[in-house]
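K.L.:
Residues -22 to -1, 1 to 637 (mature numbering (1 follows the signal peptide of the UniProt record, and there is no 0)) make up the sequence shown, in order.
Heads up, some of the hints might be wrong.
[As the list claims (entries may be wrong)] Heads up, simulated DSSO-like pairs for lysine-lysine below, C-alpha to C-alpha not over 27 Å straight-line:
no., residue 1, residue 2
1, 512, 524
2, 613, 512
3, 226, 191
4, 295, 188
5, 226, 214
[Said to hold, decoys possible] Pairwise CB distance ranges, derived in the manner of DEER restraints:
no., residue 1, residue 2, range
6, 617, 336, 26 to 32 Å
7, 624, 404, 43 to 49 Å
8, 324, 559, 43 to 49 Å
9, 96, 520, 49 to 55 Å
Calculated from the structure, these hints are not laboratory results.
Backbone N, C-alpha and C define an ideal beta-carbon position, used for all residues, glycine too.
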Amino acid sequence: MLMQSVHICGAIILCFTHHCLSSENQTVSNNVTKSESNDLKLVFHLDGNVTKSLDKANPAEDHTQAQRNTSEDGEQMNKETHGVKPGEFMINLKFSLNVLLCLNWVRTYKVQVSNDTLVWQPCMNGSEEAVFIGNEDLETPVLALFPKPSVAQYIRINPQTWFSNGTICLRAEVLGCPMPDPDSLQFSETESGSTDDLDFRHHNYNEMRKLMKSVNDECPNITRIYTIGRSYTGLKLYVMEVSDNPGKHELGEPEFRYVAGMHGNEVLGRELLLNLMQYICREYNRGNQRVIQLVKNTRIHLLPSMNPDGYETAYEKGSELSGWALGRYSFEGIDMNHNFPDLNNIMWDAQELATDKRRVSNHYIPMPEYYTSTDALVAPETRAVISWMQDIPFVLSANLHGGELVVTYPFDCTRDWIPRQDTPTADNDFFRWLATVYASANLVMANPDRRICHSEDFQQHNNIINGADWHTVPGSMNDFSYLHTNCFEITVELSCDKFPHSSELPVEWENNKESLLLYMEQVHRGIKGVIRDKDTRAGIANAIIKVDGLDHDIRSALDGDYWRLLNPGEYKITVWAEGYFPRIRHCTVGSEPHATICDFTLTKTSQDRLKQILASGRKIPRDDQVRIRAMRMRKLRISTKILNRRREQQQRLNKVKRK
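Construct the entire structure; sequences and hints are all you get.
P.N.:
Here it is in structure tokens:
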């Protein structure tokens, strides 16, 4: 929802004072406090007050995702503001704290105004775009008057030239004024950016609950709301389930999840999941066959806010004042993406010590004992998500972040604690496929002309990268999901801006809608089936499914059903379970968007089968009697050979003693 416009009478004051050079004082300039992250976002009000929040930025970057401008003197930096109420106007300036230590200032600049952040109108001087004069020294403020008043909600200040070493430093006050008849000044508004009638705004905790309840009321036959735990302050972690049979695991139907808001100030994922549940509900009711098939064949779980405490902190400041770190961590100060058990190094250490690496577990690695203790520094939100992951046989997942435009895949942690190094899993090819699916369907990532967010250009990697090759993250949710459960998971960095303005949400929904849907459909790739007991036809839980050539196994769920994500090809599959003979099959995976059915029937070993028959009181079948008799004869022959060897050894010893 766009806020009311503000009338800009025509004055901008630029100044750079010696107070800005103080890096040791607790206060810098006019009520600007020093940032712990060495980065500042400044917001200027009409009364001249200046407030600050943490925000990592760079003079060469535009975190608002607005169009980057270029002049004869090089790169410009777009500065954006947002009016909060009539008679007040804010200007939002982002720059690195490094500039506070340099003697730099802006010499000339241009101004643009907008009412929706999509269309920007330059401030004109006659038929030409106005160029305003900035500072010439450190002390003297410069007043620039607009040729005529403007009505706008947003304003950009685009530096054109600055001090010779190329660093931008800018301090500004934007002066607004009341107009005699505001309604007489008209301005144009563009479309929202989406044709979907969804609730495009930021939702705090209570508003999120209301929206989820409204979706459940609108589609009670395919949705269910449940909680998986509470945050440190007691806020519930709500999940929206979408299924044609909500509340029940259906045999052979894969389970999918999206998780957002692990870092509370990375808010776009939260809003996208709220939009997604609205979209699925309404399109299902409208008869959209793609959505109907997705709901019919998939059990979907959407967790929009894993860190509600952090979100509430960021939400209080809003998109203008929230920064790069405020609200990122849990209430206890824990980074949840480093808070899961580090199973990578447990597995790698075991492999190095083992004489036979085939005996080292490559899946379902248990959590270390220290992690499960009550004294461990583990956020209650993390424990809740782990229990959730253990209770439901998830097959595929993605966790949604912000601050970049890239999709990362496991492993996230490097071996030997190297800062960054490509560290692939056994399923590296399929993980790269998953990452490519999301990135290629994302309208911004797929745009070859888009600007980079920060210093690294991920377009050279097709907007995907191995997580550890970007930066090592021990204890990530991706790695834990892969090594402790059957679930494959990737991370999606959705936007350069961690807290985009609400006016950008419709466009961001369109940017990600196809990616969100297409990625969910990937849960139906590979093979799936049910592993049953030959005699009882009951499903066998915890059967191990091994793919020849891939050193990562999975296990069957409680009812014996399983899902193994695989790229197209022919695979040799071996399945075994405790008390059963192993079974081998060859299964072919096609390129069609559905899994190949590959069922298995296992036969109990003779001893286990005999125990089962005797326990039931049934008569032993003739074929089992023959099998048992043969097994006894085999054991008798083996024991006879052992006894004969021992007798021969004893006889030799006796001869030696007599000599």
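K.L.:
So, for every hint listed, does it hold in this structure?
P.N.:
Hint-by-hint comparison with the structure:
With a CA separation close to 20 Å, the supplied pair residue 512 and residue 524 stays within the 27 Å bound. The straight-line distance between the Cα atoms of residue 613 and residue 512 is roughly 26 Å, inside the 27 Å bound, and the hint therefore holds. For the proposed pair residue 226 and residue 191, the alpha carbon gap of about 20 Å is at most 27 Å, so the pair holds. Using a Cα cut-off of 27 Å, the hinted pair residue 295 and residue 188 holds, with the two alpha carbons roughly 21 Å apart.
Pair hint residue 226 plus residue 214 holds up; C-alpha atoms about 22 Å apart against a cutoff of 27 Å. Separation of residue 617 from residue 336 is about 30 Å and conforms to the stated range, judged on CB atoms against 26 to 32 Å. Distance hint check for residue 624 and residue 404: the Cβ-Cβ separation is about 46 Å, which falls inside the suggested range of 43 to 49 Å. The beta-carbon spacing between residue 324 and residue 559, approximately 31 Å, falls outside the hinted interval of 43 to 49 Å.
Hint check: residue 96 to residue 520, Cβ distance near 54 Å, so the stated range 49 to 55 Å holds.
In this structure, only the earlier hint numbered 8 is contradicted, and the remaining ones agree with it.
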